[in-house]
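Spelled out, the chains give:
Number of protein chains: 2
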Amino acid sequence: MTATAQAEYKAQAGIIKALAHPTRLFIVDELSRGERCVCELTDMIGVEMPTVSRHLSQLKSVGILEDEKRGSQVFYRLRVPCVLNFFKCIKAVQSNGK
Amino acid sequence: MTATAQAEYKAQAGIIKALAHPTRLFIVDELSRGERCVCELTDMIGVEMPTVSRHLSQLKSVGILEDEKRGSQVFYRLRVPCVLNFFKCIKAVQSNGK
DNA sequence: TGCACACTTAGCTAATTCGCTAAGTCTTGC
DNA sequence: GCAAGACTTAGCGAATTAGCTAAGTGTGCA
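Residue numbers (our numbering), protein chains in the order written: chain H, 3 to 100; chain P, 3 to 100.
Keep in mind that the hints are not guaranteed to be accurate.
When chains are identical, the list treats them as one kind, so a pair holds in a single copy or across two.
Below, simulated DSSO-like cross-link-like pairs (lysine-lysine); rule was C-alpha separation at most 27 Å, straight line [stated by the list, open to error]:
| # | residue 1 | residue 2 |
| --- | --- | --- |
| 1 | LYS71 | LYS90 |
| 2 | LYS71 | LYS12 |
| 3 | LYS19 | LYS71 |
| 4 | LYS12 | LYS90 |
Hint data in this document are derived by calculation from the structure and do not stem from the laboratory.
Please model the complete structure; the sequences and the hints are all you need to start from.
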């Protein structure tokens, strides 16, 4: 494996790592049904707002989400919907493979 | 989020987490071109065989890979090819989103 | 039988991650 | 302007992860 290939896999892994957490998967799933503000997501998930905010910023920093501030609230939405395809493949892994 | 939904997201995250590492992504990519034994993969990747073996067993334990012992060698192959679609979506995230 | 090879398991340390609380920024309404 | 609300940033301890080396298991060949 060359150094550049290594760097490429590392960048790709960074994006996947952003998805590799139950709360962040929930967020992506929920945002597939439309934008949500941080407070709405915080209500749905059982953790403190700072924790939710950091999960959101992780997903945003790799380019999966985008945010928009309106008034005192910040709304997040999916920037790259194809990540939703992951759920289908995960189901295939969980069943018998395909 | 209900307790069962939470458990479901956790199980899904476990599968994604197995992919969230540069070496394991390389392995999946390489196995898309056919089965390989542990020693072949070890030669390609720049780490010790025990480390490669553990990466492989992680991917196997979540159901992404399967292995077959032939003689003194162990060959691994992709059990769920749809994980290869992840690479396409990652590229979309890296470019401008889609 | 015994040795070499292919691989896995175990045990260790260093580094990363996740949750929390506390504190800071910014907007809105009084 | 000030207080309250929405959010982010920072700093902490607990838990997980990734690499290594050493040791264990199993196969094949002399």
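(request) Would you pick out the hints that fail for this structure and give their numbers low to high? (result) Of the numbered hints given earlier, those the structure breaks are 1, 2, listed in rising order.
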